[in-house]
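The primary structure of each chain is shown beneath.
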Amino acid sequence: MNALNDFLDINYSLETANGFVLPGDLLQGKIIFQPKDTIGFSEINCHLNYVVTGKIHSKNKIVATQIVSTDRVWSKGNIYEFDVQFKIPKEPKSYSGTNLEIVWFLTIECIPTDETISRIRLDYLKDIKLKMLFNTYNGKITSKHKIQVYSENYIYDLHQETKTVRNYSTGPIIIGLAILAIVIACYFMGWHGVFSYIFGIAACFFIGYGIYAYSSIGQLGNVLIGLTPYDESLFNLDINFEKNTKSIEYIQVFYTIVEEVEDRRGTDTYTLTKTIYTSEKEKLKKPISKHLEITLQFPKSYFPGSFEFATEKINWQLHLAIEFNNNTHFEVKESITVKHIVS
Amino acid sequence: MLPEYNNIILNRDIVYDFNPFGGITEEDILDCIVPKYPLEEWIKLLNNDQPIILQFVGKKGRGKTTHLRALHQYFQEQDIYFLDRIDRKIAKKNSEIVFIDSIERIPAIKRYVLWFRKKTSYVITTHQTKTIEFQRSKRNYCSFSFEGIQISSLKDIISSRVHLVSNFPKEKIEVNMASLEKLVLHFDDDFRAILNYLYDSFKKTSK
Chain A
5 MNALNDFLDI
15 NYSLETANGF
25 VLPGDLLQGK
35 IIFQPKDTIG
45 FSEINCHLNY
55 VVTGKIHSKN
65 KIVATQIVST
75 DRVWSKGNIY
85 EFDVQFKIPK
95 EPKSYSGTNL
105 EIVWFLTIEC
115 IPTDETISRI
125 RLDYLKDIKL
135 KMLFNTYNGK
145 ITSKHKIQVY
155 SENYIYDLHQ
165 ETKTVRNYST
175 GPIIIGLAIL
185 AIVIACYFMG
195 WHGVFSYIFG
205 IAACFFIGYG
215 IYAYSSIGQL
225 GNVLIGLTPY
235 DESLFNLDIN
245 FEKNTKSIEY
255 IQVFYTIVEE
265 VEDRRGTDTY
275 TLTKTIYTSE
285 KEKLKKPISK
295 HLEITLQFPK
305 SYFPGSFEFA
315 TEKINWQLHL
325 AIEFNNNTHF
335 EVKESITVKH
345 IVS
Chain B
67 MLPEYNNIIL
77 NRDIVYDFNP
87 FGGITEEDIL
97 DCIVPKYPLE
107 EWIKLLNNDQ
117 PIILQFVGKK
127 GRGKTTHLRA
137 LHQYFQEQDI
147 YFLDRIDRKI
157 AKKNSEIVFI
167 DSIERIPAIK
177 RYVLWFRKKT
187 SYVITTHQTK
197 TIEFQRSKRN
207 YCSFSFEGIQ
217 ISSLKDIISS
227 RVHLVSNFPK
237 EKIEVNMASL
247 EKLVLHFDDD
257 FRAILNYLYD
267 SFKKTSK
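Taken in sequence, the protein lines are chains A and B.
Position one of the first sequence corresponds to residue 5 (the working numbering), numbered consecutively onward.
Position one of the second sequence corresponds to residue 67 (the working numbering), numbered consecutively onward.
You may find that some hints are simply not true.
Said to hold, decoys possible - In the DSSO-like style, the derived pairs of lysine-lysine whose C-alpha atoms are separated by at most 27 Å in a straight line are:
#1 B/K269 - A/K278
#2 A/K91 - A/K65
#3 A/K150 - B/K221
#4 B/K155 - A/K63
#5 B/K159 - A/K80
#6 B/K236 - A/K63
#7 B/K125 - A/K63
#8 B/K125 - A/K40
#9 A/K63 - B/K221
#10 A/K167 - A/K337
#11 B/K176 - A/K63
Note that these hints are calculated values from the structure, not bench results.
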């Protein structure tokens with residue numbers, strides 16, 4: 005035995021349906037301990053926790069804790085059983101994706117008494133190098149048991165909301181003109197450095213982009229998007245354009261579910277993304293009305309709901325791809341919130 | 067041709083809770099790390115009455131941040147900062163030891179302000195050595211370089227991670243050393259690139 009964990013066998017007997025625990029349900033069962041030596045504990049806790057583990061980071065979230073026992077001395081060879089009971093939250097559910105996983109656990113954490121620690125250290129661990137002690141002997145016995153939080157009987161639950169997509173197409177023109185004015189002023193004051201050319205080009209870029217934006221999406225004004233659930237499998241999308249829609253050749257509406265994992269380590273910051281679902285695309289040609297109603301279908305199979313924890317995210321994203329008469333193209337992306345209801 | 071995960075870990079009877087090669091939680095980091103330098107030595111230096119700066123120098127992906135996080139586990143009441151493009155602030159507190167990841171995110175002048183807090187010890191990670199700054203600030207410092215890789219360390223890291231997510235006995239984990247050599251030949255000493263590759267390869271294999 006070279007680690008404290010080796011001194012105690014921990015087994016789990018949990019009441020689950022084919023290994024699954026339903027979200028929002030009660031998880032009940034027994035934890036069975038079998039010490040391999042006489043061990044005194046000051047406290048034994050059982051945590052219900054989940055780990056969001058991504059390609060980059062992992063974070064542990066303890067949802068609930070039950071004190072199993074305090075101030076007990078367990079004898080070698082005996083078996084000790086304790087009941088545990090936890091209410092499982094509705095979200096998040098277990099998930100295994102490409103760049104991130106959500107894994108639920110029951111975690112047992114036993115804190116031995118000082119007397120036990122010093123005795124074990126003296127009797128068993130004296131020959132182990134200090135490095136090993138640091139690695140394996142943090143003074144606690146821990147054991148994790150994975151549980152699957154999932155239900156096959158679910159319906160998608162869309163959060164009813166209204167979003168305004170503000171149109172900032174004139175912004176770049178104003179910025180560009182301001183930069184250009186400064187560059188011209190500097191030029192006449194005798195500043196002819198290489199940076200004047202760089203800033204001049206940047207100003208032209210801003211103005212050009214602004215004109216491009218204004219000639220297409222700028223014609224629409226602000227766009228108001230309303231989301232309402234229709235039934236278990238469908239939801240409605242209301243799109244209201246502030247100005248006129250004459251400049252639109254066609255609109256394509258769809259949504260995607262994307263895993264996003266942000267890596268901010270070191271000098272580079274980047275986001276790993278993986279689209280795990282793309283809905284069918286609804287196409288509307290030359291819309292006349294400023295008010296459009298579109299019905300979209302929820303995925304036919306299970307996909308995780310909207311979720312965000314630290315730098316890991318599952319993002320349901322609505323796409324409004326607009327093609328204009330002048331062959332310019334704009335795509336509006338807006339996050340929407342979708343969860344599950346267990347039916 | 068890089069080896070697939072199945073050719074790296076040869077056991078077929080391991081039940082994994084999740085992908086072993088992703089990020090590691092604070093709680094698990096000490097179980098996974100294979101220290102490049104003895105942590106006890108650093109702990110002694112930091113517990114000394116004389117304040118000191120420990121700098122971990124190396125290119126990205128060499129394990130500097132992992133060692134910083136692991137060392138912080140022994141000083142959990144002390145502040146740790148992971149600086150990035152968004153968050154670059156160090157709070158003005160009276161911590162005895164401050165842990166800072168990616169110190170180069172702070173402008174030089176603000177770094178000097180930190181070094182001039184003579185009663186504070188620092189543990190920092192950096193791509194390029196800040197020795198001149200320490201000398202000018204008349205600070206005690208120790209520098210630790212993070213470069214190079216040993217196949218045996220890589221084997222230990224992989225075994226520890228597999229054990230952590232499976233509870234499969236570490237000593238029974240069979241690692242194909244020839245495959246590890248191929249990985250090192252391809253990725254050199256870039257641990258992060260190796261772990262990223264293993265993450266993707268594990269995912270592919272487990273599907």
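Here is what the structure says about each hint:
Between B/K269 and A/K278 the alpha-carbon distance is near 14 Å, which keeps this suggested pair within the 27 Å criterion. Taking the CA atoms of A/K91 and A/K65, the gap is about 15 Å. The hint holds against a cut of 27 Å. As the CA atoms of A/K150 and B/K221 are separated by approximately 26 Å, the hinted pair is consistent with the 27 Å bound. Between B/K155 and A/K63 the alpha-carbon distance is near 22 Å, which keeps this suggested pair within the 27 Å criterion.
Taking the CA atoms of B/K159 and A/K80, the gap is about 49 Å. The hint is violated against a cut of 27 Å. With a C-alpha separation of about 24 Å, the suggested pair B/K236 and A/K63 falls inside the 27 Å cut-off, and the hint holds. A hinted pair counts as satisfied when its Cα atoms are at most 27 Å apart, and B/K125 with A/K63 qualifies at roughly 25 Å. With a C-alpha separation of about 46 Å, the suggested pair B/K125 and A/K40 falls outside the 27 Å cut-off, and the hint is violated.
This hinted pair checks out: A/K63 and B/K221 have alpha carbons roughly 25 Å apart, not beyond 27 Å. With a CA separation close to 11 Å, the supplied pair A/K167 and A/K337 stays within the 27 Å bound. Distance hint between B/K176 and A/K63 is unfulfilled; the C-alpha atoms sit about 31 Å from each other, more than 27 Å.
Hint compliance for this structure: hints 5, 8, 11 are broken, all remaining hints hold.
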